[in-house]
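Reassemble the complex: the two chains are provided individually, in unrelated frames, and hints are given to aid placement.
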Amino acid sequence: MARMRYLKIWVGGAILLLLLVCGLVAPFLAPYDPQEQRLEHRLQPPSRGIQGSDPHWLGTDNLGRDILSRIIYGSRISLLVGATTVVLAGFMGCFLGALAGYFGDLTDEVISKISEIFLAFPFLLLAIALMAFLGQGLLNLILALMLTRWVQYCRVVRGEVLSLKERDFVVAARALGGRDFYILFRHVVPNTLASVTVIATFAMAIVIIAEASLSFLGLGVPPSIPTWGSMLSEGRSYMYRAPWLTIFPGIAIFVTVFGINLLGDGLRDILDPKLRGQR
Amino acid sequence: MLRRRFIGAIPVLLGISLLVFFLMHIAPGDPISLLLGDDATEAEIQRTRHEWGLDQPILVQYWEFLSHAVRGDFGKSLKFGEPVTKLVFERLPATCELALSSLLVAILISIPIGVYSAIKHDSLLDHAGMGLALVGVSLPNFWLGIMLIYFLGGQFNLFPVAGRIEYGIQLETITRLYLVDSLITGNFPAFWSAVQHLFMPAITLGTSLAAIVTRITRSSILEVMRQDYITTARAKGLSERAVIWRHILRNAMITIITILGLQLGALLNGAVITETVFSFPGIGDLLIQAISVRDYKLAQGLIFFFAMMYFAVNLLVDLLYMLVDPRIKL
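One line per chain: the protein sequences are A and B, in this order.
Using the working numbering, the letters of the first sequence map in sequence onto residues 49 to 327.
Using the working numbering, the letters of the second sequence map in sequence onto residues -11 to 318.
Isolated chain B, as found in the complex (with noise of 0.2 Å):
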């Protein structure tokens, strides 16, 4: 079953890599000229594409971009100067931590409101709990983000607005994920610092997913709830503080798990997004800055590696599925 998902998976990655690729190739007009600008003149086009190996057959460009991709080369950016790779692996513990804690920050509201909506069903505080959980769908988190910064951060002065860590604090970086090292280190103003920015990030990104996992809990706790099990559980007279711990939630927990799994993948969506807003250094604030200098390699290589990364959290999640629950097939 394993074997079939993995060999399954590989036309999926040649069809990324090929959307990849293809993405340079249908910007309209020469994506040289308009990187190089009016300024270029025609001997420095024909240069920069001949290095691009833009003047190559299509086919010969494609094998070149995927023969490079899977050994982990996708050139030079020309913003920075540097491999590709390598700023992607060191903007990526970002992102990862921003994730993280945005994950952290939406089990922490949903689970507790998603249970508890389940258990009162019907009630004046379950219609209460999906009507917050509905608020939080709707709103943009871009706009959440600008408003906590106007009132937590501007209004209020709580808590930075900017950055992963004040400036003027050192921290010596072992993994680059600045909770784990200030604490590997001992530097607690740097741990605090680096909660203290994480803050605002992680509530914005954190809230959508909040929303969507509180009805998946209370839905998922609801169905559980239906069951002749549980109904078997309460005729042998268990008190219901057993019935919810032992019963409905161990087996709940099961969708639970896997729908927060999932949804870290889609995070990815959204950290684009609250990193640009809290110029916060992760991939996706790289992203998007590859874009406003039409920065292609490094543009492609980005999506190529969040591509990647989903596909990758997906699969991962596809097979814990598996152990959790063995009459699950792939």
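Bound-form chain A, shown alone (with noise of 0.2 Å):
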């Protein structure tokens, strides 16, 4: 069983470095530049390079663009929204339910009402509206997804930091005369990292998705950046005539979500055993 934790994390961890690299070195790795346009070779299939013409190992678009350097390429806004969301998501809900649970009363109260309420929206949806209003743009995106995340971090560091703030090295932190946020944010808030890093892996799996929903929806970033949601969008329309348009991109996304589930499951194994077997 201990083995097939490490297991998870090792090939969950395999394909979100996999992943990384290639979103890094795009440039280098993609066959051709994402935006060029081959009317000549418009909606071409996969191919090795039949009869001397140019390799295509996943088609083009109806544009004539290489799929496969388009792939690449989108790796970049998705790992790029998922990992900045999470990080921004998570100061933003580690600290405001860091202050809820640890000073309670009147800043509890109205910390928690105020993530009752972003809690009333379905989280996508909250996103589709944000975006709709705010428009399309990659920070816009960043944003509006940051907002309707924060509220995951926000009520469990505050349940854990409720717990933590009994323990006995904070009282003693307390009575070597530690102020209030020292003893926060130097004793209290670090022990709560282990659910933290849980909840944020499996949170940039979601992210992920959503990004990939809103782009898919037209409400993510400007159609002139490539991302696989998009993909699917403008392959929508050419299913029956070039299905690699859909197939490709869609498999980009599943192996990308299902290697950080893969990472975030071995994780939680690890670092929080009472979760283990939840979701």
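It should be emphasised that the hints constitute simulated quantities derived from the structure, not laboratory data.
No false leads were mixed into what you were given.
Listed next, the stretches of chain A that the computed footprint assigns to chain B, with coverage defined by at least 3 CB atoms under 8 Å from CB atoms of chain B:
1. 177 to 186
2. 255 to 267
3. 308 to 316
Only a predicted model underlies this, so the values are computations on that prediction, with no experimental measurement involved.
Heads up, the beta-carbon is just placed ideally off N, CA and C, and yes, glycines get one too.
Encoded structure:
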């Protein structure tokens, strides 16, 4: 069983690392410029370059752009949005959760009510609503997703801080004259990091699917930037003529999310045994 | 306790209304100019602004929004020229039908796999079941929908790929739930057509839910299996079948039912995407249409409505939970 846990971490981590490398070295790895339109090669099925023509391993789209290159570049947006959102939402949620849990009373009441308001919206719907009114754009996308994801961190950290603040080491730090903010962020919050890491991993998988969903609906980044969701959306119109336009970007999303979920599962089993077997 | 729960809901409801109200005001630029386009004259812009009350102070605008919203009045849709509430209630049954069918799909898949995985804990089948659940939770549902359309709808021509019922089939609508209406009126061709139209959207929406519920079913059964009363049941000589059905499943079901109830609200999330993929005429599809033509009033009303539904379902599940398990106090 322990071997299985480490296997999950290794496989999930390897998938994530591979994608990260793909995104970082995209200009060297991608066989073509993802924006280069070659109309004479439009809707070409996946090929190794038959009869001297250029190879397009995953085919081309309706404008003759290479699908493999666009998928490689698309990984940049997915990982960038996923990682940035998770980190920013993590900071915001952990900070507010820690304040609510440690200081209690009115601080807790106010923060808990605000988090309840955000929880009252289905998360993707709130992101859709925010993007509909904020407009397309990378920053808007990260902002919208961050505003919908911070609550999970906030609630978990609040709960953990509530129990940690009664522990002996906190009482000792207080007896030594430590100030509240010092105790909170030096002694209490670091003890919540195991749970936060697990939440962050699963949140990244959710955010990547959400980004793809928003791009699919035309509410993500501008169409000039290749993303897996927008590729799927564009490919839908040619689904029967050129199924590779929808099959490959979908596989890219699935493999990424699967890898991250696998990593999250393994991390949870090791870092948070209480939650083992749950999701 | 109940009163406390309801009173506690008031500030949250006010917060929801505030958030939805301010959505219109976070739009960069003037929403009216964006809505009317570049060809609109200044007089047209001013007139629409006045009609929408956007020339009033912000607090007055919020009060107007709130006082109308509590009466179910969200104004008129610009695209359809009809009251938002009327449009919502016309489309809501389709979304409910889809959500409930997806829930059924999820139950049929997840409960047997989850129960079996827990009983055969740590076996090859358990790992296979959990692997399948991991795949299910990692599948983007809009992609799954597109693949179903391509393979089952296009290549094998097994199911219709869009809409709720075949064009040309007449159905007398009573509840607007097509499955129910066709059964009430004894219109079996309509019933079969509605089932066929629901099949792929329900599978699409139900798969990710099934994955989540499978894992929760397994973990809650495992937890019950570790309890002392299960050891007692075995010690007094009960058969394994009796222990599983009478003692383990019954106790684990409380958690499973709660999660299913809570996920019913979350299904609204997926409904927006699924309805768009299958052109399924529910409120999710309506929302995306409203956003694409910048029908702000309709979008605002729908988002408010979605949030209210989500909130109400969660509250209801909390209350039901309390009824099912009296140890729980809200």
